[in-house]
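**Q** Read top to bottom, the protein sequences are chains A and B. Just add 23 to the spot in the first sequence (first one is 1) and you have my numbering. Anchor point for the second sequence: position 409 equals 397 in my numbering, and the numbering is continuous, going up by one each time.
Which stretches of chain A does chain B cover? Using the computed rule of at least three CB atoms under 8 Å from a CB of chain B, they are:
| hint | stretch |
| --- | --- |
| 1 | 100 to 109 |
| 2 | 125 to 136 |
Here are the simulated distance ranges between beta carbons:
| hint | chain 1 | residue 1 | chain 2 | residue 2 | range |
| --- | --- | --- | --- | --- | --- |
| 3 | B | Phe71 | A | Met93 | 49 to 59 Å |
| 4 | B | Phe71 | A | Asp35 | 46 to 56 Å |
| 5 | A | Asn59 | B | Trp61 | 46 to 56 Å |
Simulated from the structure, these hints should not be mistaken for laboratory data. Cβ coordinates follow ideal geometry from the N, Cα and C atoms, glycine included.
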Amino acid sequence: MIEIRNLHAEIDGKQIINGLSLTVQNGEVAAIMGPNGSGKSTLSYVISGRDGYEVTGGEILLNGENILEMNAAERAAHGVFLAFQYPLEIPGVTTMTFLKACLNAQRKSRGEAELSTPDFMKRVKAGAEKLGVPQDMLRRALNVGFSGGEKKRMEVLQMSLLEPSFAILDETDSGLDIDALRIVSEGVNALRDPKRSFLVITHYQRLLDYIVPDTVHVMSKGQIVKTGPKELALELEANGYRDYVGEAA
Amino acid sequence: MAAVQETVDRVKSVDVDAYKYGFVSDIESEKAPKGLNEDIVRFISAKKNEPEWLTQWRLEAYRLWLTMREPDWARVDYPKIDFQDIYYYSAPKSTPGPKNLDEVDPELLRIYEKLGIPLREQEVLAGVQERRVAVDAVFDSVSVATTFKAELAKAGVIFCPISEAVHTHPELVKKYLGSVVPVSDNYYAALNSAVFSDGSFVYIPPGVRCPMELSTYFRINEQNTGQFERTLIIADKGSYVSYLEGCTAPKRDENQLHAAVVELVTHDDAEIKYSTVQNWYPGDADGKGGIYNFVTKRGDCRGDRSKISWTQVETGSAITWKYPSCILRGDESRGEFYSIAISNGRQQVDSGTKMIHLGKNTTSRIISKGISAGHSNNTYRGQVLAQKRATNARNFTNCDSLLIGETCGAHTIPYIEAKNASAVFEHEATTSKISEDQLFYCMQRGLSAEEATALIVNGFVRDVLQQLPMEFAVEAQKLISISLEGSVG
Ligand SMILES: Nc1ncnc2c1ncn2[C@@H]1O[C@H](COP(=O)(O)OP(=O)(O)OP(=O)(O)O)[C@@H](O)[C@H]1O
Ligand SMILES: [Mg+2]
Chain A
24 MIEIRNLHAE
34 IDGKQIINGL
44 SLTVQNGEVA
54 AIMGPNGSGK
64 STLSYVISGR
74 DGYEVTGGEI
84 LLNGENILEM
94 NAAERAAHGV
104 FLAFQYPLEI
114 PGVTTMTFLK
124 ACLNAQRKSR
134 GEAELSTPDF
144 MKRVKAGAEK
154 LGVPQDMLRR
164 ALNVGFSGGE
174 KKRMEVLQMS
184 LLEPSFAILD
194 ETDSGLDIDA
204 LRIVSEGVNA
214 LRDPKRSFLV
224 ITHYQRLLDY
234 IVPDTVHVMS
244 KGQIVKTGPK
254 ELALELEANG
264 YRDYVGEAA
Chain B
-11 MAAVQETVDR
-1 VKSVDVDAYK
9 YGFVSDIESE
19 KAPKGLNEDI
29 VRFISAKKNE
39 PEWLTQWRLE
49 AYRLWLTMRE
59 PDWARVDYPK
69 IDFQDIYYYS
79 APKSTPGPKN
89 LDEVDPELLR
99 IYEKLGIPLR
109 EQEVLAGVQE
119 RRVAVDAVFD
129 SVSVATTFKA
139 ELAKAGVIFC
149 PISEAVHTHP
159 ELVKKYLGSV
169 VPVSDNYYAA
179 LNSAVFSDGS
189 FVYIPPGVRC
199 PMELSTYFRI
209 NEQNTGQFER
219 TLIIADKGSY
229 VSYLEGCTAP
239 KRDENQLHAA
249 VVELVTHDDA
259 EIKYSTVQNW
269 YPGDADGKGG
279 IYNFVTKRGD
289 CRGDRSKISW
299 TQVETGSAIT
309 WKYPSCILRG
319 DESRGEFYSI
329 AISNGRQQVD
339 SGTKMIHLGK
349 NTTSRIISKG
359 ISAGHSNNTY
369 RGQVLAQKRA
379 TNARNFTNCD
389 SLLIGETCGA
399 HTIPYIEAKN
409 ASAVFEHEAT
419 TSKISEDQLF
429 YCMQRGLSAE
439 EATALIVNGF
449 VRDVLQQLPM
459 EFAVEAQKLI
469 SISLEGSVG
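Bound conformation, chain B alone:
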C-alpha cells in the first residue's frame, strides 16, 4: 500500500528528465586502445595479472568468436555494431584494485552515493536499514569496492570480484568458469569470454545459508566502452544464497554495448535466488543512444533437489536480448523464472527463458509480464524442453502482455517440446490493454491518468513483484512508474 502511494508520488515528482541516473561522472580512467585483437585480449589479461591458463582460455575464446556470426533471429532491429570501434578495457585511474574503501577515489564513492548504493559499511550498520546487503560495485571494467567481506568470510562465504578470485581461489574458478555457459555457446558469450573485465564471484560452502543478501551494482561510465562482466555463483550442497544485481549507465547519444555472462551452479539441495533490476539507459524518445544489452545468463541445477530462481525487472536498455535459463540436471530439481519487462519509447525487448528438463521429476515455473508503451516492441521468447530421461517433468508457463496505447507491439513465442511422454507442460498466455473504461473508472475516483496507469500496471505485475526481496520490490515499483512516464496522453 505504502509502496503504491510511493509509486504515485514518484510519478508526480518525475520531471521531463526521467532517467535520473543519466549523469556522466568525471573520473580519470585508463583505457586499452580501441578495437579488438589478440594483443588487446593479452593486454586485459596482463592488466589483471592473470595466470597463463586464463590468458589461453581467453585467446581460444577470441579465436572462436572470429569464426562465429552475430545472431539475427531475435525480434530486434539495430544498425550493425562495429566491434573495432569499442574500448574493451577502462579502469578508473586512481584505483588499480583498492584494498579497502579508504583507497577508493572519494569521487567514486560520491557517485555510488548518488546512485543510492551504500558502500560504507559503518553507514549501512548505523542506518535504519534493517536488512544488511553486501555490495560489490563494478565501475566500467573493474570492481571498485566490496562490502562486508570480513563478516561473510566468517560464515565461509566467498564474495569478491572475479578478478580477485582468480588469484585467491584459482581451483574454484578453473573448475566452474565456462562450465555452464561454454565459450562456444553463442556469439556474445564467446566475446565475453575473450574480453570479460570484472564481475562478482560467490561461493557458498556446504550447508551454509548466506547470512545476508549479496548484491552487485554495475555502472557503465566511459564513452564508447563495452561492459563485459562475468559473474559466477556456486552454491555447494545444502546451501542458500539470494543475490541481487542492479545496473545503470549515463545518458549518451551513442549506443553502448553490454555483453555479460552469468553462470550459476547449485549442488544437491542447494538454492540460488538471483534477482535483477536492470535500468540501463534506454535511449531518448526518438531512439537515440541507449545500451545494447546482450546477456547470457544460465543456471545449472547440477545436484538433486536443487533450485534456481531468476527474477528480473527489465526497464532499461535500448535493446534487450536476454534469456536467463535453467538446466534441470539433478533429479527433482526446480527452475523458476519471474519476469517483468517494460518497454517504452523506441525500446526493443526480446527476452524470456529456457527450462531444460534433464533429470527425473524436475519442475519449472515461468511467469512473464510484458508491458509495452510508446513505439516499443516487447517479445517473450521461451523454451521448455524435456529430454528422454526426464520422466515426470512438469512446467507451468504464464505469459501476460499489457499494451498501453496504439503504437506498441507485444509478441509471445513459445517453443515447447517433450521427448518423454510423461511430461506435463501447461502454457497460458493473455494480451490485454489498459481499457479506457478502467482509466475513466480510476479517474472518476480521483486518480490522474498517470496515477491510474501506474496503479493498473502495478496490479498487472504484482505476482512477480512479490518474488523480489522487499527493498528491491519498492525500487522496482518506482522504476516501473518512471519508465512509463509519458505513456499516457
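The shape of chain A in the complex, shown without the other chains:
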C-alpha cells in the first residue's frame, strides 16, 4: 500500500507537485489521467526517488514505511517499480546481463541469496514467453534498436521478474499495437495480487478496457482534482478534462 500525503515537490526550483494526496491499497489498481504537463511523470519520479526532484513537503509511505530518505536503488529493493514512459538504452549490456544484475542487486540488498544462473534463466525464459518477447532479444543490448512497443514489453518483463509491491506504469500503452496492448495487459493482470498495488498512468480508456482499474484519479497542475470509479474514465473520454481543470490548463 502506498500513501501519499500533501506532497509538494519541485525540479530546478520549479514547483510541479502542489499538495498531492493519494492512497493505493494493497490489491488495488488505480489509474491516473490528466492533461499533458500536469505532473504525472514527475510524480512517478518523485515516488521512485530520482535525484534532483526535491520534496519540499508531505510524505510518502510504502506499507507504512517512510521512503523519502531512501535513494532510488533502496526504494527499488523495497518494492517500488517504475515502467518508464521512455525506457533508456544501455549499449553493450545484454538484456540478460542487465536483468540478472538488477535482480541480484535487489535480492542482496534485502539480505536474500542470489539466484543461481539456471534458476534465473528459467524465470526469464518463462516471463519472456508469456509476454511474447523473443529469446534472441534477451541477448541483444538492452533496448538498443528495440521498437517503441518492444521497449514497453521489456519494461513489463522487468516488472514481472522483479515482483515489486508497488508498480507505476507510465503510459505503458503508448506505442503498443493492438495485439501487444492485449498481451502486455494480460501480463500486468497476471501480476495483480492482494499484496500488490498499481498506479497506471494513461491518456486512453482503451488500456483500461484491459487493465480494469478499481479507482480513477484526475490530475491537474500537480494535484489530484477528482477521484471516482472506473466509469470516470469513460466520462473523461467523452467530455475531456474541462469539468475538472481550470481554463489555464
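Once you've looked at the hints, dock chain B with the ligands against the given chain A.
**A** Okay, now just chain B with the ligands, sitting in the frame of chain A:
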C-alpha cells in the same frame, strides 16, 4: 554475466585504498649509482655479461640520445624529468640470474603470489586453471623466473629473458633487435636502447602454433628506479603466438619512469596477438606520484598475409604516452588495434596507434574506447597512412569516448593520409556521457550508482573486452571498476 556480477561485487568490496598492488616489498637490491653516463651504460652491459657488439650498440644509442630532445607534442603536462636523478639498474640481490625457482628468493615468490601470478609450475598444473600460461616475471631490472620453459622447448618455442637470449641465441637477437624500432626512432626508444635492463624474448619457429599463452609480468619495486624493459617477439613463417603483458608498481610519492620498447616481427602467414593490461600506479587523487609510462611498441608485418593484433587495457600510470603500431609491409598483411584507456583522478593519457600501409591489399582495424572521469584528460591520437605502393589499403577506425562527470576531458586527434588513390579509410568517432537518465534507470531497477556506472562502462568497452583472452578479460573488467572508484557522486 558472471563477470559483470564479479565487477559489481568488486566495486562493492573496494575500500578507500583502491590500488591494491601498492605495497612496497622489502627486498635487498643491488643498484648502479644514480644518474646516466657512458660508465653506467658499460656497467649495465657488464652486469649482464654482454658481448662487445651489444655494449657498442648501447653506447651508440646513448650518444644519439644525448643529441635528441624530449618530445613535447603530446597532450600531457608534467614537470621536467631529471634524468640524472634516476637509478638505471636495480636487481634483487639474492638472485643474480636464478637457474630455477628453487634459487629464487622465497620473498620474491611471495610477492608474485600476492600479485596473483603463478610462478610455480606444479601449482599451475595442479590448479583449477584450465588454460596454462607460461610466465616470465621481471622485477625491477631483471627477470626472476620463467615458467614452462622445458615444455615450450619441446615445441621449439624459445621464451626466455632477453638477457639470456643474448647468450643462447645471439644470432636471432643480433638480427632482430632494433630492426622494428630503430635506436634513432624517438627520445625514449634511444634511452631504452642505451640502458634497457630485461624483458622477454620469444621466437616461434616456422609452422608452430605456440602450445600455450605466453605472459610477462613487470613489477617496479625500487624507489627512484626507472624500468626500461625490452621485449622482442618473432613469429616465423606460418606460426602463431598469443602474448600477454601485465604491469604493477608500488605506491610511491615520487614519479617513476617506465620507458619500454616492444618489437614484434611476423613473417609470411604468421600471427602475433599481443595483449596488455597496464596497471601501473596512477598516483593519488591530487596527482602525487605515479608512473610516467613512455613506451614504444611496434609490430612489423614483414611477411605476406601476416597479422599483428594489439589489445590494450590501460588503467594505470600518471602519464601514458603510448602508440602501439603496425607496419603493414607484407602484401595482404593485417594490423589490428583494440584499446580501452581509462583515466581518473589527475591521470593524463595520450595514446593511440599508427597503421602504416606499405604492401598491397593490406587491411587495418582500430577500435578505441576512451573513458575519462575525475579531473583526467584522455586523448586518442592515431595515424593511418597508405604509401604509394599500397594499392587497395583498407582501414576502419572507430573511436568512442565516454565522459563521467563534468571535470574531465576527451580528445580525438586522427591523422589520415592516402598517397595511393585506391585506399579506402573509414573513420567514426563519438563522444558521449553517462546520462543522468541512464543512471536513474539503472538505479530504479536496484543498482547503486557505482554498480550502474560499472555496468554502463562495461557495456561501452564490450567490443574490445571480447578481444582479450578470457582470463584477462575478467581481470580487465575488475580493473575497470577499480579505476573508476569514486568517479560517481
Ligand atoms: N527539469 C524541469 N525544469 C522545469 N520544468 C520541468 C522540468 N521537468 C519537467 N518540468 C515541467 O513539469 C511539468 C510536468 O511534467 P510531466 O512530465 O510530469 O507531465 P506529464 O503529466 O507526465 O505529461 P505527459 O502527459 O505529456 O507525459 C511540465 O510542465 C514540464 O515542462
Ligand atoms: Mg508523462
